[in-house]
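Make a model of the complete structure from these sequences and hints.
The listed protein sequences derive, respectively, from chains A and B.
Each residue of the first sequence is one higher than the one before, counting from 1 in the working numbering.
Each residue of the second sequence is one higher than the one before, counting from 1001 in the working numbering.
The reader is advised that the hints may include incorrect statements.
Selected chain B positions facing chain A (Cβ under 10 Å, derived; list incomplete) [said to hold, decoys possible]: (1) 1025; (2) 1026; (3) 1180; (4) 1182; (5) 1283.
These are calculated hints, taken from the structure and not from any lab test.
Since the structure is predicted, the reported quantities are computational estimates derived from the model, not experimental observations.
Just so you know, even glycine gets a beta-carbon here, dropped at the ideal spot from N, CA and C.
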Amino acid sequence: MNSGIKTKKTYDVIVMIIMIILAILFAFPLYWIITGSFKDAAAINAAVPEWFPHNPIKDNYVRLMAKPAFKWLFNAVFISVTSMALTCITASMAGYALAKKRFAGQKTLFTLLICAMALPKQVVLVPLLKEMSFLGLHDTMWAVILPTVGWPFGIFLLKQFSEGIPTEMLEAVRIDGAGEIQTFTTMVLPMVKPGIGALAIFTFISTWNDYFLQLIMLNSSDVLTISLGIAKLQAEMSNDFGLIMAGASLGAIPIVAIFLMFQKYFTQGITMGAVKG
Amino acid sequence: MSKNSNVPARSKVLSRRETRTAYLFLLPALVFFIGFVIIPMVLCLITSFFNYTMGDFSFIGIENYVKMFQDDIFLVALKNTILIVVVAVPTVTAFSLWVGASIYNMHAISRSFFRCIFYLPVVTGSVAVSVVWKWMFNKYNGLFNNVLTGMGVIDQKISWLGDERFALWCIIVILFTTSIGQPIVLYVAALGNVDPSQTEAAEVDGATKFQTFWKIKWPAIMPTTLYILIITTINSFQCYALIQLLTSGGPNHSTETIMYYIYYQAFKLNNYGYGNAMGIFLAIIIAIFSAIQLRVGKSDN
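As structure tokens, this is what we get:
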């Protein structure tokens, strides 16, 4: 018995050590980007890596500010916030209807949504680009926002949350004379609030990082996002690692901070979305 | 049907009204869904049967699909894509299960700490992460060559991303680090939903940790495993961003994937019809892979 407990203890310690090593490896890219953005070229290219900047400089950021970096950042924020708001509004309404209403065509619609989710969304980027050009929206931020809002993940997520609303409560409000819209705003919305929080943070982060969609849809310098901006720096000034890392830090720090602040909701979002997905 | 005809007329009116209200609530979402998901999918399918380029739009039947299998680069891309999927999907799933199970047993604070750490590469984003990997794989002053030559493992510096033998494996390593975040979160949540009375009963009956895991926890988390297999398959099949950022499909097409080749054909050569046909083909393969996983997973239970 005793030796069993002992081996269990040893195993736990070994697991902890492996986990800590893995954690260092997984945190390394972010650490390296941020510390690298404060190094000069010699320190970055040193044969023996400088694990911590000995003489931190702000020169990389000065050069970054000569580029439209804040414009890129603003565009990323605009695209992510708009997609987030529209997704939350449309998905909370649709999720409620799917969960709490009985209507003709319900099953067909639900199947269609599931099938669409299982398809690779990047495959449709070619026709999507053509459609956006046809609508005159190509190379505008809407070309990224509209397809993001169309993706049915949010509907599923909020359907899950809406199913938790007791039907008797909805009926009680209705008997009291509340209209459909009033029922939705005073009853449904407060009850699915955690779901909306989860969807909001999930949409914000995934839109911010949807590099491929941004790459296809946005070309002009005044609509580039921070991800595209960093990629542009990487392509055009591939030897200026300090500048690239300053750009990468500017892009990564806000999104990582948001993730850390709201990670509870975020985790909830991806787990709830998976149950029926 | 027969049930419906028995319903009194008043209730029919009510149900028609409910249908109308339901669609009013669905309307905004459906506008976006149909407009920017369904329409492009339909266009993708239709134009895949056309010779659709900058100057031409004519029906050619299944010619695009036939052409694919005579296109050597497409076949290389297909082989590479399947290799990525076959390597990445099992390793991501197994590794995230192990990490998920290990951190699940930890104190709540360390659990959420590790969960965040493994999610960091996803949140940081492909573009920023690839900046660091590019440096690590760099031939002249990259971390790997410095460490490996320092330790005497290799005596000549290797151009990791520029060498046909290594480039695809480098991509798979990076893809792995950016793919395990979500599965770990899902596994930790799924393990939390396993009925504790069952595992306790098994342990009282003298089952080892290992037995408890395979007999009770593994079947209970099977739906999560299936979901993880499917989303990882979809993501690996669509591997694009890392390749565009790091190798552009090279050297000598050794990191060419279907997704990258679609992009190249459609946007660099303006062969939209051909690109769309490859897209439809990719969607069909993904559907087949997902169906097989679902079938195997269900028979396992």
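Taking the hints in turn, this is what the structure says about them:
no.	hint	result
1	1025	holds, 4 Å
2	1026	holds, 5 Å
3	1180	holds, 9 Å
4	1182	holds, 6 Å
5	1283	holds, 5 Å
Of the numbered hints given earlier, the model fails none.
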